[in-house]
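Given the sequences, and given the hints that come with them, work out the whole structure.
Here's the letter readout for the chains.
Protein chains: 2
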Amino acid sequence: MLPGKRIIGISMMNLAEENYLKTIFNLSGGGKKNVSTSAISDFMENKPSSVTDMLKKLSDKSLINYKRYNGAYLTPAGKEEALKVIRKHRLWELFLVKYLAFSWHEVHEIAEQMEHVKSGLLIDRLDKFLGYPATDPHGDPIPGIDGKYRLVNNKTLEELKEGESCVLTGVKNSSSEFLKYLNEISISLNTRIRVLKKYAFDGSVLVKIDEKHRQSVSKEVSKDLLITVI
Amino acid sequence: MLPGKRIIGISMMNLAEENYLKTIFNLSGGGKKNVSTSAISDFMENKPSSVTDMLKKLSDKSLINYKRYNGAYLTPAGKEEALKVIRKHRLWELFLVKYLAFSWHEVHEIAEQMEHVKSGLLIDRLDKFLGYPATDPHGDPIPGIDGKYRLVNNKTLEELKEGESCVLTGVKNSSSEFLKYLNEISISLNTRIRVLKKYAFDGSVLVKIDEKHRQSVSKEVSKDLLITVI
DNA sequence: TTTTAAATTTAGATAAGCCTAAATTTATTA
DNA sequence: TAATAAATTTAGGCTTATCTAAATTTAAAA
Chain A
3 MLPGKRIIGI SMMNLAEENY LKTIFNLSGG GKKNVSTSAI SDFMENKPSS VTDMLKKLSD
63 KSLINYKRYN GAYLTPAGKE EALKVIRKHR LWELFLVKYL AFSWHEVHEI AEQMEHVKSG
123 LLIDRLDKFL GYPATDPHGD PIPGIDGKYR LVNNKTLEEL KEGESCVLTG VKNSSSEFLK
183 YLNEISISLN TRIRVLKKYA FDGSVLVKID EKHRQSVSKE VSKDLLITVI
Chain B
3 MLPGKRIIGI SMMNLAEENY LKTIFNLSGG GKKNVSTSAI SDFMENKPSS VTDMLKKLSD
63 KSLINYKRYN GAYLTPAGKE EALKVIRKHR LWELFLVKYL AFSWHEVHEI AEQMEHVKSG
123 LLIDRLDKFL GYPATDPHGD PIPGIDGKYR LVNNKTLEEL KEGESCVLTG VKNSSSEFLK
183 YLNEISISLN TRIRVLKKYA FDGSVLVKID EKHRQSVSKE VSKDLLITVI
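Chains A and B, in that order, give the protein sequences.
With our numbering applied, the first sequence closes on residue 232, and no number is skipped along the way.
With our numbering applied, the second sequence closes on residue 232, and no number is skipped along the way.
Simulated from the structure, these hints should not be mistaken for laboratory data.
Mixed in with the good hints there might be a few duds.
In this list, chains with the same sequence are indistinguishable; a pair is considered to hold if it fits within one copy or across any two.
Said to hold, decoys possible - 25 Å max Cα-Cα, derived DSS-like pairs, lysine-lysine:
hint : residue 1 : residue 2
1    : K130      : K100
2    : K225      : K69
3    : K157      : K225
4    : K120      : K182
5    : K100      : K210
6    : K63       : K157
7    : K100      : K120
8    : K214      : K69
9    : K225      : K130
10   : K120      : K69
11   : K221      : K58
Encoded structure:
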């Protein structure tokens with residue numbers, strides 16, 4: 003009944019740090035580019051001055067390279083940390099969809115909390131339990147123990163020519179609103195999509211979904227749909 | 003790829019509060035008795051002055067009844083909160099043992115973190131996924147959505163007479179050390195135990211485990227083994 | 001019952017992560 | 001290039017949950 007170890011609560015001392023690293027990773031497209039203070043501030047919905055404080059802290063810890071007035075990018079150590087958090091986030095998202103009957107637009111907020119649970123063993127066991135999956139419910143690649151992606155999506159629906167067919171393998175935009183829109187037009191992961199017609203005047207595409215429904219999608223939407231040509 | 007909602011990190015604003023409520027619940031044996039400042043301080047391994055601060059805060063929120071120099075006990079609202087946290091803790095512990103191959107002595111620390119993830123839907127789905135279990139891996143009862151236990155263990159091995167048999171249904175002490183000791187002497191949940199002899203001079207008990215091994219257990223240990231007579 | 005010891009509370013300080021307002025640097029435009 | 005605008009940083013504060021040290025209250029012992 004009474005647990006012996008007095009492990010009360012999460013250390014959580016670097017919850018904020020983890021969120022900054024993850025944000026920098028995402029905004030820099032995988033740790034490559036420089037990310038500005040205001041980009042981080044906009045994304046995290048906090049003040050630029052708060053961002054500056056944290057950038058200094060992360061820089062002191064050698065997790066980012068930071069030059070005043072010039073943004074930051076991840077060091078190898080910072081990238082490793084970020085990938086660990088992303089790995090946890092995506093594995094938990096998949097667990098929620100696969101075993102707890104959540105829909106792909108509902109899992110982000112919960113995974114955002116679960117990703118901070120500290121236990122390497124836990125996440126490796128979860129990975130095994132899920133069958134070492136390559137992608138999360140949004141088609142985003144899941145980093146392995148080694149931090150390497152098992153699969154990469156790069157082609158979008160926008161790049162397809164008339165007559166070509168593909169399968170949806172991911173989305174670039176995982177917002178709840180966007181995912182719900184896709185639900186409404188019957189598009190989900192592994193859905194087959196055939197390009198019937200492309201309209202030059204607005205870049206929109208007329209597609210056939212699973213050989214059943216016709217649907218027009220805007221250029222903006224087509225750019226956010228990651229696909230594999232078949 | 004980029005999640006739309008800017009839900010970065012756990013609110014966690016009442017992580018500390020949750021831990022105090024849980025501690026008060028446990029130390030008061032389910033919210034009944036008064037708990038002293040020093041008892042909380044000892045258990046949480048922090049200073050009495052810190053406890054006093056928090057007791058005032060919880061009292062202001064009507065989660066506990068607190069009288070200066072006189073300890074505290076949970077209000078109905080506080081008890082409800084505590085039970086929610088305990089429910090989450092125990093369900094996650096069971097998940098870890100049942101699906102991720104953890105042993106009963108390894109799950110406390112991880113569940114200590116998972117219990118703070120906020121989502122009523124999540125925990126209810128987990129409950130369903132686990133088959134609405136009555137007890138956790140230590141035999142502790144799991145509160146339902148309504149906060150009511152599905153089962154209560156109250157008899158201990160110490161109360162058994164010579165010749166009687168029982169099944170282990172819980173442990174009063176969930177410390178990693180104690181659980182590892184039980185592993186060593188081949189006692190786990192649902193293990194059958196028969197009392198061969200009781201020694202008056204030290205209160206120790208000679209038992210037969212699963213009709214296979216003989217083992218002597220001290221009075222202290224026998225008091226921490228919750229059982230059902232068969 | 002008085003004295004001493006133990007428990008508890010108060011007062012004031014600290015660190016993390018955020019904030020506002022002002023100052024500084026960089027970028028843009030005239 | 002100089003003036004203006006935008007981005008960024010600095011300086012100083014706030015809140016939460018902790019701490020130490022001192023003061024107070026309760027409990028125990030003489």
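Now the hints, each set against the structure:
1. K130 / K100: both (14 Å within a copy, 14 Å between copies)
2. K225 / K69: The answer is neither: 33 Å in one copy and 62 Å across copies each exceed 25 Å.
3. K157 / K225: within (9 Å within a copy, 65 Å between copies)
4. K120 / K182: Between. Shortest inter-copy distance 22 Å satisfies the 25 Å Cα cut-off; intra-copy 31 Å does not.
5. K100 / K210: Answer is neither; intra-copy 27 Å and inter-copy 44 Å both fail.
6. K63 / K157: neither (36 Å within a copy, 53 Å between copies)
7. K100 / K120: both (22 Å within a copy, 20 Å between copies)
8. K214 / K69: neither (54 Å within a copy, 69 Å between copies)
9. K225 / K130: neither (33 Å within a copy, 38 Å between copies)
10. K120 / K69: For K120 and K69, the Cα distance exceeds 25 Å both inside one copy (31 Å) and across copies (37 Å).
11. K221 / K58: Neither, since 40 Å and 57 Å both go past 25 Å.
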